[in-house]
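Engineer: Protein chains in written order, with this note's numbering: chain C, 1 to 482; chain V, 1 to 482.
Any given hint could be a false lead.
Pairs involving identical chains hold if they fit within one copy or between any two copies, as the list cannot separate such chains.
Straight line, CA to CA, 20 Å or less: simulated SDA-like cross-link-like pairs of lysine to any residue [unchecked claim]:
# : residue 1 : residue 2
1 : LYS198    : GLU213
2 : LYS21     : ARG107
3 : LYS164    : GLU57
4 : LYS444    : THR244
5 : LYS74     : THR437
6 : LYS83     : LEU56
If you're looking for bench data, these hints aren't it; they were derived computationally from the structure. Keep in mind the model is a prediction, meaning the values are calculated, not measured.
There are 2 protein chains.
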Amino acid sequence: MSLTNASPEQAASAARLASRKLAVLENSDRNDALTAIHDALLGAKATVLEANARDLEVANKAVTSGQLSQSLVKRLDLGKKGKYEDMLQGILDVRGLDDPLGKVDYRTLLDDGLVLERKSSPIGVLLIIFEARPEVIANIASLAIKSGNAAILKGGKESIESFKAIATIVSEALTKSKVPNDAIQLVQTRDAIAPLLKLDQYIDLVIPRGGNELVRSVKDGTTIPVMGHADGLCSTYLRADCETEMAVNILLDAKLSYPAACNSVETLLVDQDALESKFVPVAEALVAKGVELRCDELSKKALSKLSSEQLSKVKDATDEDYNTEYLDSILAVKTIPTQSSAETSLVLAVAHINAHSSGHTDAILTTNSGIAEQFLASVDSAGVFWNTSTRMADGQRFGFGTEVGISTNKIHARGPVGLEGLTIYRWLIRGSGQISTAYGSSGKQWKHERLPAGSDEWVAQDAEELKLLREHRSNKGLSNGH
Amino acid sequence: MSLTNASPEQAASAARLASRKLAVLENSDRNDALTAIHDALLGAKATVLEANARDLEVANKAVTSGQLSQSLVKRLDLGKKGKYEDMLQGILDVRGLDDPLGKVDYRTLLDDGLVLERKSSPIGVLLIIFEARPEVIANIASLAIKSGNAAILKGGKESIESFKAIATIVSEALTKSKVPNDAIQLVQTRDAIAPLLKLDQYIDLVIPRGGNELVRSVKDGTTIPVMGHADGLCSTYLRADCETEMAVNILLDAKLSYPAACNSVETLLVDQDALESKFVPVAEALVAKGVELRCDELSKKALSKLSSEQLSKVKDATDEDYNTEYLDSILAVKTIPTQSSAETSLVLAVAHINAHSSGHTDAILTTNSGIAEQFLASVDSAGVFWNTSTRMADGQRFGFGTEVGISTNKIHARGPVGLEGLTIYRWLIRGSGQISTAYGSSGKQWKHERLPAGSDEWVAQDAEELKLLREHRSNKGLSNGH
C-alpha cells in the first residue's frame, strides 16, 4: 500500500499494472497479506486512536459551529466501544472466506475437444471514495486484496488524520507480503476525485461510500460504472394478522438501532384493519422511545386516544414524506385502505413500495405465508424480507465477513456487496483446432452439453458423484433436476 | 409490443409499469409469447423481405454516393441465405432454454428460522439502440420476454422499413399473449435517443448495438449503466510448437469468415522462433485470400522469399496498427522477440494483449498445455481461447440460443450476453421475528450455514442427496468440496 501524493493518473496507471500481478497471486499469498494488516493494526491501536482523536476534536468543533452533523461525528469515532475490534475481526473474517477467484461455475461441451468454461476473476482496479468512516480503509483493503483487485482509496478531509495513520501502518505491513505495493493506493492529493473519475482506461469500478450528495456527484461525473446506493428508503408493511410483540420488536429495531443507517425503516405501511390492533401498540412503543410519526389521516385518527404528550410526537404527513430518507428518529406512516380481498391490499402496498422505495430493502410482517410469498415475489428491491428487520441487510449479517457497501444497482451486484460482488468472470475455451465456419446449417452440429462445474480438482470427483446421483435419482424415479 | 410515436418519457414510464407485470408471469406464458412471435414472423416472411428490400435500395444508393459502407449493407440484408431462418430458429432456441427467473443460487441459514436466499429476477427495463441489423428486433424481443424484462427498442434510419414491418407483425402476435402490450416498445420518434438516455428513473440498462461511435456517444450521454463493447480488438498468439495446418485454418477462419464482426482477429502475435516455420505458411494462406498484412520489421523480413505479387499485400506496421480494429481484410503482425525461456515470451505476449486488446477475445495457438494454461490464467479479456478461433465468441455458439450482444464491461456480464446477463437477483429473507440488535459481540451468534440452493421444489430432494453425498465422501475419505 502506498500513501501517495502522486498525480491521479500516476496512481491509477500504477494500480492498473499492480492489479495484473495481484490477480495471479495464490489465495495463501493474499491471505498472508491480510494477516499482516490485521497484526499491524492490532499492535498500533493506540497510535490510530490518537490520530482519530485529533480528527474528532476538529469535527466536534465543526458540530458546535453547525458545519457538521452529529451523526457524522459518530461515524468518524473509531474509539466507540467494540468498533476497532470489529474492524480487526472483519479482516480475519474475510481471510477465512473461500477464495472467490478461479471458481468455474459453468462448463459446456461445445463439441468433442472443445470445452467452454466460465471462471471467476478479479474486476481489476476499484476506486473507493469515502467520507467519514476511517474503518472503511481496513474493510476495503481486505476485500480488495482477497478478491485480487487493486484499489485506489480517497478519503474525506474529516478523517484525514485517522486515514494517514491507518495507511502508514497498512503500507508497512504490506511490504512484508507478496501484494505489490501499488495495489492499494491511498490518494491524499487535494481535488483528486474529479480527475480520477475521468480515468476509465485504468479504473473499472467506482464505489462511493457516503451520503446521497456524494453518490450523485460521482455518478454525474464519470463514465466508469458506479456501484452503491444514493438512497436507503426502506419500508415495512404491517398486516393485521402479524404477532403484535414481534411487530413492536422488529419496528423498534428497524427504526432505532441505528437511525442514520441506510437500512433503517423510513416508511411504515399499515393495512386499515390493522390500525387499531397492531399500529397503536407499535406507535406507542416508538413514541415512547422518542420517534416522531408523520401520519396520514386514517393512521393519525387511530392514535386519537393517545395522551397529549404522546400526541406531541404525531404529525401530519405530506406526499414528500413518503419519498424521504430521514436518517433520523422519524417514521412516515401510510394506511392501505381496506379492500375486497387481502390480495388487493397487498397489491396496493407493493405498488407503493415499487413506486416510492429506493430499491434497497423492504419487509412484510404477517403470519399469512401465501401473502408473504406474494410480497417476496413482487417487490422489486435488492432485499425483500418477511418477519424480520430491514436492518438485517448487511454484509456481516449475511455472512460475507464485511462489505464494500450496499448496492441498489440493477446490474452486477445488489444488496450487501462482499467478495463475490468484486469479481467477474472470463470465458475460457480449450479447443483442438475447431473453426467457426465448420458449424451451422450446412455443417457440424453443436453439442452444447452442460458439464459439471466446480474447480478443476473438483471435476473428477464431481463426475463420479454425478453418476451416483443419477443412479440414485433413477432408482427413486426422480427427474434429473436441471 | 407497440410501435409508438409516444414521447420518450411516455414510452419509458409505460414500459416500467409493464415490466412489473411481465416480471411475475409464468415461464409458460412467456414461452407462449415467443411461439406467437415465431409463427407470425414465419408467416410474414415475404412482407418483411419486401420492406427490407426497400431499405436495401436506399442503402445501396447511399453506398454508391459514398455515404454508407458496404459492410453496413451486408448487415442490413435480411434476405441473405439462411439469415431469416436463423432469426426464426433463434426465437425457438431461446424458448427452449431453462427459465432464467426464480432460480435460487445461494441459500444460508442465518439463524434458526431465519433463512437468506438469493433468487434470480429480471433487471427491469432495457433500452436497446441498434443501427442496421433488423433481425436484432426479434432476437432482443425474445430474450427480453423470456428474461421478464421490458424493452424499449430504437433503430437506426437505415432499417426503418424493415423495423416497421417486423414491429407491426410482432405487435399483433403479442396481443394474443399475456405479455403486456407496453412491455416491448418500438420507438420511431425522431431524436428520441438523447431524451431516453436521461430517463434513469425508468430505464435500468442501455445496450447499444452498433459501431464504436454509437457506443461512445451513448456512454457519454447517460448515467444509466451501459452494456456492450465499443471495440473488438482481438488478437491471436502463434507459437512455434503449434500445428501448422491448424494454425492456418484457425487464422483463415478468425480473419476472413466475417471480417466486419467484432470477434474477428485484428492482431497476430508471433514468437520470433515461429516466424519461419509457422508464420510464413499462415501469411501465404492469408495473402492468397486477399488479406493485407501490416508487419513489424522481423515478421516482414521472414516473408522476403514471397513472390512480388504476394509481397504487394505486405505493408509496414506503425504503432497505431496495434491499436486498430480494422473490421476489414487487414491483419497487424507483431513479433515477440526470442527470450531466454518460453515463459518470458509468454509474459511479453500477455503484456501486449493486456495493454492493447479491447478485452474482447484473445487466443493462443500452441501444443504446450502448461503455456496455454498460463495464457488462460493471465489474459484479462472476456474470452480467452486455446487452439480455436476468436470467432467462437458468440452467444449462439456458446449455447445461449442468441445474444443481446457481446460485453467488454468489467462488471455484470462479460462476453456473449444471453438470458443470464439480463437477470439480476434479489435477496430474500424468511424470518420469524429476529431483530438485528439481538446478535453480535454481546448477543447471539450467527449460524451462517450454507444450505443447498436450487429451486424451491429442488430443496427437499437436495437435502437427501446432500446427505448421500456426504456419506459417500466420508466413506471415500474425501473432503466436503466447498
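Engineer: All hints are to be evaluated individually against the structure, with a verdict given for each.
Structural biologist: Now for the hints, and whether the structure bears them out:
no., hint, in the structure
1, LYS198 - GLU213, "both (19 Å within a copy, 19 Å between copies)"
2, LYS21 - ARG107, "neither (26 Å within a copy, 33 Å between copies)"
3, LYS164 - GLU57, "within (16 Å within a copy, 67 Å between copies)"
4, LYS444 - THR244, "neither (66 Å within a copy, 23 Å between copies)"
5, LYS74 - THR437, "between (64 Å within a copy, 18 Å between copies)"
6, LYS83 - LEU56, "within (15 Å within a copy, 68 Å between copies)"
Hint violations for this structure: numbers 2 and 4, all remaining hints satisfied.
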